[in-house]
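Based on the hints, put chain B in the right spot on chain A.
For the record, the sequence lines run as chains A and B.
Reading the first sequence from the start, the letters are residues 1 to 417 in our numbering.
Reading the second sequence from the start, the letters are residues 1001 to 1362 in our numbering.
These are calculated hints, taken from the structure and not from any lab test.
Here are some chain B residues the structure puts well away from chain A; computed CB gaps all over 10 Å:
id: 1; residue: Met1105
id: 2; residue: Ala1107
id: 3; residue: Glu1165
id: 4; residue: His1201
id: 5; residue: Lys1303
Lysine to aspartate or glutamate pairs mimicking EDC-like chemistry, simulated, CA-CA at most 16 Å apart:
id: 6; chain 1: B; residue 1: Lys1037; chain 2: A; residue 2: Asp239
id: 7; chain 1: B; residue 1: Lys1037; chain 2: A; residue 2: Asp301
id: 8; chain 1: A; residue 1: Lys55; chain 2: B; residue 2: Asp1140
id: 9; chain 1: B; residue 1: Lys1230; chain 2: B; residue 2: Glu1209
id: 10; chain 1: B; residue 1: Lys1282; chain 2: A; residue 2: Asp319
id: 11; chain 1: B; residue 1: Lys1239; chain 2: B; residue 2: Asp1346
id: 12; chain 1: B; residue 1: Lys1037; chain 2: A; residue 2: Glu242
id: 13; chain 1: B; residue 1: Lys1310; chain 2: B; residue 2: Asp1336
id: 14; chain 1: A; residue 1: Lys253; chain 2: B; residue 2: Asp1315
A few chain B positions that, by computed beta-carbon distances, are all more than 12 Å from chain A:
id: 15; residue: Pro1108
id: 16; residue: Asp1202
id: 17; residue: Asn1228
id: 18; residue: Arg1330
Don't be surprised by glycine CBs; every beta carbon is placed ideally from N, CA and C.
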Amino acid sequence: MKPKKHKTPLLDELQDGKWPSFVNGLKRLADDDGKSYSPMMNDLLGQLEHSYQTKLGYWKGGTVSVFGYGGGVIPRFSKVAEEFPESSEFHTLRVQPPAGLHYSTDLLRNMCDIWEEHGSGLIALHGQSGDIMFQGCTTENVQKAFDDLNEIGLDMGGAGPALRTSMSCVGHARCEQSCYDEVRAHRSIINAFLDEMHRPALPYKFKFKFSGCANDCVNAIHRADFAVIGTWRDDMKVDQAEVKNYIDQAGRKYTIDNVIARCPTNALSLNDDDTLEVDNSSCVRCMHCLNVMNKALSPGDDKGVTILIGGKRSLKIGDQMGTVVVPFLKLESDEDFERLEEIAENVIEFFAENALEHERIGETIDRIGLVNFLDGVGVEIDPNMVNHPRTNSYVDTAEWDQEADKWLERKAGEAAE
Amino acid sequence: MAETDTDVQPRRPDEHGVPDPFPYMHPVLKKNYGNWKWHERPRPGVLHHVSHDGDEVWTVRAGTQRQMDVHTIRTLCDIADMRAEGHVRFTTRSNIEFMVSAENMVAPLIEALEAEGFPIGGTGNSVSMISHTQGWLHCDIPGTDASGVVKSLMDDLHSEFTKEEMPNRVRITTSCCQINCGGQGDIAINVQYTKPPVIDHDLVANVCERPAVVARCPVAAIRPALVNGKPSLEVDEQKCICCGACYAPCPPMQINSEESTKIAIWVGGKHSNARSKPTFHKLAVAGLPNNPPRWPEVGEVVKKILYAYKNNARDWERVGEWIERIGWARFFELADIPFTRFHIDDFRGARESLNASAHIHF
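The following block holds chain A by itself, in its conformation from the complex (with noise of 0.2 Å):
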């Protein structure tokens, strides 16, 4: 006998219109008869088509875990289960893709074979993180599902307070603008601080994101505890010969208003002879120039990261953004990552230390000051770190001589250098 099928008026309206439709895809694997996955997404279709008439979910929490990590499963348990039994269990298993987010279709189907055995079918490409989400899964099956995903070379991504799993542009692999190696980059850490992901033991969620420039692909200071933002601390490059192809294409008034205008330092002039005079002291490598002359304007040749900590979302004190930590970090040799790591290292070990239960390093940030979160981590102040210097006199100078002497000796060594 066929198994009988939940009506789905509301989400049958999601089946038209030209975009591809995740409705059509679901019903798909309901309608998979003899395939295990089958009478569970038929059920998950029911709760769903639920939710659309009553406009409230049905999942709640739980613990689920595999063998050996604490974290990375999302425990989904149905509050409707009477309702629609086969999905009574539907977690997910958060896995780390590889960097960058390039797959092989070999790959890809051996994701789907094993889904297919044991889980539902359905697979996120992927979440906000950057995790493969695959999604719908009882919790006999979590294990063995993971245990052949894991076969092929996949790890459990990140969840609750733990370090999370981590994004990086295309980057080196497909883009000119792409200022350090972001897969070694991402690789590197993520993978030399695996026990904080699986072993969830951090005040509350951590993470890492990896831009080439300051395009930022990857949304890295929005979002990222700790964003890696390529840029470069030399001239940037002027092919003068493309400068003049562009003007002759674009026009003389449209790259003055589009490019020269909108340089936010004011730091271009085109010429008479239409060239391109670029103050490299007063640009911040926005990219914006570079964008719009892609053939004529490319970074420079001493290249690196500037960090930004504490990144987040609305919970609790409303959003933040990251704010420059390390204005300028080298990052070639191996010497360099290691100081990557380093830095990443003292920052973590200062989270798990420091913050209050459920505080993020923004919101620690935001209440020990930046300068007591600079001690700690083993950085020294730099103009660069702010928008301009404090504006209210509340402050005790007692100590400014010292302090004044700190910095010159600094300038001085740097000097010397």
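Just chain B now, kept in the frame of chain A:
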């Protein structure tokens, strides 16, 4: 001694960490890793990259539904194997990219993708795929669905995905609660609760760690209380800002209801550092109904804002930069949106958002 079933130890995980992408990467990308020189967009949805060695690669970008069944993924794999070179990648916004090493492979690849219903676009100054969260499909605290909102909007905005006719790129996001997992956007569509939580006092003592819930409230409106002889929590409804922060650690504090869960639309968020520093989105409209399956009231406002931007912004201005130039008064006029007392921030640090100058747009 023979092992019995109960003696079998579960398999220990191999702690691989982040998978190495090089075994999966397109060979031209791998060969030219860190060696790219420039790129152009021959048409919307197609990128052409050239390396310092003169190697070339073409990328075709297609939209997906993100939440994909194995059949959809296998269809994409079939296309990648037959019309491309067996390697794909995904963007942060759930678009799929197919890389090919010869220009003449581009048109047949596009044809195959379009035949299966995958839109080609999302590059340059287009409206890319909307970033979204889990919603009713999988989240434990959702105020609305995510996939359905996104599907409905992308049906409406399909032609803005496949063309590059916007002043600059447009990044739209959705979030199904006020935590805002969907992130910042040029236009953000987020749940906005409008009433304090309704507490099931019979359950609180068993389900919730009460001090943790008290600590979670941004405005200290929750305190422990004895209700009907049971330890529970109470909310000072005068102080409550209806944010829903207490609902996650304490599900008996139900924040959602059929009528009170509303949708708000925010504008002017920007991730990139290009030109201006990154910005957060700002409130444009609240009070829209949570109206599945297609949320038509939301789509209408999004389109009003989007087309006001398309018709009025200058080249390279993002939504927030456009509003910065024309001023908020003109924005509310052009987008045909009422300005209310709720637009004026009163949370901590709010005075930073007030106009402390004689700069007025007339």
